[in-house]
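Asker: So the chains spell out like this:
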Amino acid sequence: MSADRPRDVARGDAVHPGNPVIVDRYTVPARMNHWLTAICLVLLALSGLALFHPSLFFLTGLFGGGQMTRFLHPWIGVVMFVSFAGLFLRFWRLNFFDRGDSAWLGKPGEVLAGKEEKLPEVGKYNAGQKLYFWLMSITILVLFLSGIVTWQQYFGDRFTVDQKRAAVLVHALAAIVAICLWIVHVYAAIWVRGTINAMTRGKVTGGWAWRHHRRWLREVVTGKTLPPTTAPEK
Amino acid sequence: MFPPIPNPSTEPVAPTFGEADLWRRSASTIERPAERQTEVAKLIDVSKCIGCKACQAACLEWNELTEEIGSNVGVMTNPPDLTENSYTLMRFTEWENPESGNLEWLIRKDGCMHCEDPGCLKACPAPGAIVQYSNGIVDFVHENCIGCGYCVKGCPFNIPRLSNVRDRKAYKCTLCVDRVAVGQGPACAKACPTQAIVFGTKDEMKEWAAGRIEDLKARGFANAGLYDPPGVGGTHVMYVLQHADRPELYAGLPRDPRISPVVEAWKGVTKYAGLTAIGAFAAIGFLHHLVTGANRVSEHDEEAARRLTERGEK
Ligand code: HEM
Ligand code: SF4
Numbered sequence: 001m002s003a004d005r006p007r008d009v010a011r012g013d014a015v016h017p018g019n020p021v022i023v024d025r026y027t028v029p030a031r032m033n034h035w036l037t038a039i040c041l042v043l044l045a046l047s048g049l050a051l052f053h054p055s056l057f058f059l060t061g062l063f064g065g066g067q068m069t070r071f072l073h074p075w076i077g078v079v080m081f082v083s084f085a086g087l088f089l090r091f092w093r094l095n096f097f098d099r100g101d102s103a104w105l106g107k108p109g110e111v112l113a114g115k116e117e118k119l120p121e122v123g124k125y126n127a128g129q130k131l132y133f134w135l136m137s138i139t140i141l142v143l144f145l146s147g148i149v150t151w152q153q154y155f156g157d158r159f160t161v162d163q164k165r166a167a168v169l170v171h172a173l174a175a176i177v178a179i180c181l182w183i184v185h186v187y188a189a190i191w192v193r194g195t196i197n198a199m200t201r202g203k204v205t206g207g208w209a210w211r212h213h214r215r216w217l218r219e220v221v222t223g224k225t226l227p228p229t230t231a232p233e234k
Numbered sequence: 235m236f237p238p239i240p241n242p243s244t245e246p247v248a249p250t251f252g253e254a255d256l257w258r259r260s261a262s263t264i265e266r267p268a269e270r271q272t273e274v275a276k277l278i279d280v281s282k283c284i285g286c287k288a289c290q291a292a293c294l295e296w297n298e299l300t301e302e303i304g305s306n307v308g309v310m311t312n313p314p315d316l317t318e319n320s321y322t323l324m325r326f327t328e329w330e331n332p333e334s335g336n337l338e339w340l341i342r343k344d345g346c347m348h349c350e351d352p353g354c355l356k357a358c359p360a361p362g363a364i365v366q367y368s369n370g371i372v373d374f375v376h377e378n379c380i381g382c383g384y385c386v387k388g389c390p391f392n393i394p395r396l397s398n399v400r401d402r403k404a405y406k407c408t409l410c411v412d413r414v415a416v417g418q419g420p421a422c423a424k425a426c427p428t429q430a431i432v433f434g435t436k437d438e439m440k441e442w443a444a445g446r447i448e449d450l451k452a453r454g455f456a457n458a459g460l461y462d463p464p465g466v467g468g469t470h471v472m473y474v475l476q477h478a479d480r481p482e483l484y485a486g487l488p489r490d491p492r493i494s495p496v497v498e499a500w501k502g503v504t505k506y507a508g509l510t511a512i513g514a515f516a517a518i519g520f521l522h523h524l525v526t527g528a529n530r531v532s533e534h535d536e537e538a539a540r541r542l543t544e545r546g547e548k
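Chains as they are written, first to last, in my numbering: chain A, 1 to 234; chain B, 235 to 548.
Excised from the complex, chain A in its bound form:
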């Protein structure tokens, strides 16, 4: 970790005074990395679901037919896995849980109602985002490993039939988990207005940062690491 940056501040995070205040949240490489992962994940979900249930088989049409879908899916998976590994390396340090996170998670009612004034101040990521980060990391690792065992074309001779049966069941279950997590992730980004800007332009307004990630904003502005708090500031 770079010594001259506060704990919850990533490389490139900066504040620009003005009206409104603008805060840089994601660098161009970070955004490209995120978009590549996101596109791959959507394509994987669509191509996977096409084989998951007969009622969704028509989705193979998006990929050039059944055989192409079967061929492309695992390769997109490999790209996504590498791309996600990039995101993981970028973000893992910012996703450690602290005392403030347990306090935040202890008030699900306020979280769901969007009453952030009643919650402890949040750093770069809130506890929900951190949970998503770790759960998605595990799920994607499981999807990758089970996907390899399921991949008949290249690994059909490497594993026993029993291993392949277990792998395809695990893969299907992990895919459901990944898709449900992803729905929560995308919904949260839509619900919390102003968030999509972080993904498209890498910037958010100062008000957004003040409302949702106040401790992060304070750290960016002051350049000092602040201790996590367990109760809202007065």
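Don't read these hints as lab results, they were simulated from the structure.
Mixed in with the good hints, there may be bad ones.
[What the hints assert, rightly or not] Ranges of calculated distance between the beta carbons of each label pair, as one might list FRET restraints:
id : chain 1 : residue 1 : chain 2 : residue 2 : range
1  : A       : Val42     : B       : Trp329    : 31 to 37 angstroms
2  : B       : Arg530    : A       : Pro232    : 40 to 46 angstroms
3  : B       : Pro314    : A       : Trp134    : 44 to 50 angstroms
4  : A       : Leu141    : B       : Glu537    : 26 to 32 angstroms
5  : B       : Thr300    : A       : Val42     : 40 to 46 angstroms
6  : B       : Val503    : A       : Leu105    : 28 to 34 angstroms
7  : B       : Ala517    : A       : Phe97     : 27 to 33 angstroms
[To be verified] Residues of chain A placed beyond 12 angstroms of chain B at every Cβ, according to the derived structure:
id : residue
8  : Arg5
9  : Val78
10 : Val79
11 : Gly86
12 : Phe96
13 : Ala209
[Said to hold, decoys possible] One-sided and incomplete, this derived list gives chain A residues near chain B with beta-carbon spacing under 7 angstroms:
id : residue
14 : Gly114
15 : Gly156
16 : Thr160
17 : Ala166
18 : Arg211
A virtual CB, placed ideally from N, CA and C, is assigned to each residue, including glycine.
Knowing the structure of chain A, use the given hints to seat chain B with the ligands on it.
Answerer: Same frame as chain A, but now just chain B with the ligands:
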């Protein structure tokens, strides 16, 4: 001798079954025909097999396939496993019978069993890539096959093989569906010089097997019996075994084959639970937005951020 099927005439014959006789179709719901055709079966009498591999050759020939030239690994089983070309394979086992002290050469013709409840078809995700005709024949329809290998995972007998040189689709014994449809028997049965392979209706085959088993018992094979495993609803390829109490002796023929519970869970509860969970998450998101509305930044928040930045800048 079981009466052999006479040679065909040179006149073209209309097929006796087809699309209208589908009993099961992978990844599809179908309306079954009102009447089921008489079930057919192939009976393989292991006690009569002399291991000549005429059936293996006939199978390649009828299906216009050639097997790669392999290498001799010191056993008669050749090629060493089923392949995309070899839909059938004579598996040779040398077994010393502890009771009689005899060395027994157990030769089992391996290949698709044409299960009444086929695991391959259950696992298949591609509509119509695997079908079962009402006479019991399970066939792979290659126009619809996508080559995913799910049938490999579904089959309790480890039969289907993915083609690596042809088209990356799955292959297995068809029970010579194209011959049977015009009143002929499978090519292997036609080629067998000892009538170790016979073909007819399932009832005829059971009856014929009963006579063979009686004969074997009279010759000292007290445990001779028919292999028609109930775990998969019975099969349309059956074996007469000298030691029906120990099917594993025959190159690992499963004792009680059935569709793996893992496959049943994958193709059963997982599908419903999975789609329900995805739907529920989407619905909850929608409802949450209806109830709470958007979480918006207020002018008050922007103002606070301005004050904070100005203080921090100084
Ligand atoms: C990370 C690398 C991944 C690899 C190597 C991989 C590989 C595979 C393979 C080999 C199959 C069998 C079909 C085929 O051969 O195309 C499959 C099926 C599937 N995959 Fe993936 N996959 C990966 C990631 C994902 C992800 C991220 C999702 C969902 C978000 C997903 C969802 C599915 C689904 C739903 C199926 C169908 C399962 C079923 O039929 O029940 N996969 N995958
Ligand atoms: S033996 Fe295997 S391939 Fe043949 S019908 Fe049964 S499940 Fe399908």
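Asker: Would valine 79 of chain A pass as off the interface with chain B, using Cβ distances and a cut of 12 angstroms?
Answerer: holds, 19 angstroms
Asker: Per the hint of 28 to 34 angstroms, is the separation of the Cβ atoms of valine 503 of chain B and leucine 105 of chain A within bounds?
Answerer: Roughly 31 angstroms apart at Cβ, these two residues keep to the hinted range, so it holds.
Asker: Can the hint on glycine 114 of chain A be confirmed by a CB-to-CB distance to chain B that is less than 7 angstroms?
Answerer: holds, 4 angstroms
Asker: If I take the minimum Cβ distance from phenylalanine 96 of chain A to any residue of chain B, is it greater than 12 angstroms?
Answerer: holds, 25 angstroms
Asker: Proline 314 of chain B and tryptophan 134 of chain A, beta-carbon distance inside 44 to 50 angstroms?
Answerer: holds, 46 angstroms
Asker: If we take the beta carbon of arginine 5 of chain A, is the closest beta carbon in chain B still more than 12 angstroms away?
Answerer: holds, 15 angstroms
Asker: Does the CB of glycine 156 of chain A sit less than 7 angstroms away from some CB of chain B?
Answerer: holds, 6 angstroms
Asker: Hint says 27 to 33 angstroms; check whether the CB-CB distance for alanine 517 of chain B and phenylalanine 97 of chain A agrees.
Answerer: holds, 30 angstroms
Asker: With 26 to 32 angstroms as the target window, see if leucine 141 of chain A and glutamate 537 of chain B comply at their CB atoms.
Answerer: violated, 44 angstroms
Asker: Minimum Cβ separation between valine 78 of chain A and chain B greater than 12 angstroms?
Answerer: Its Cβ never comes within 12 angstroms of chain B, the nearest being 17 angstroms, so this holds.
Asker: Classify the hint on arginine 211 of chain A as holds or violated, based on whether any CB of chain B lies nearer than 7 angstroms to its CB.
Answerer: holds, 4 angstroms
Asker: Was alanine 209 of chain A rightly flagged as not at the interface, with every chain B Cβ beyond 12 angstroms?
Answerer: violated, 6 angstroms
Hint compliance for this structure: hints 1, 2, 4, 13, 16 are not met, and every other hint is.
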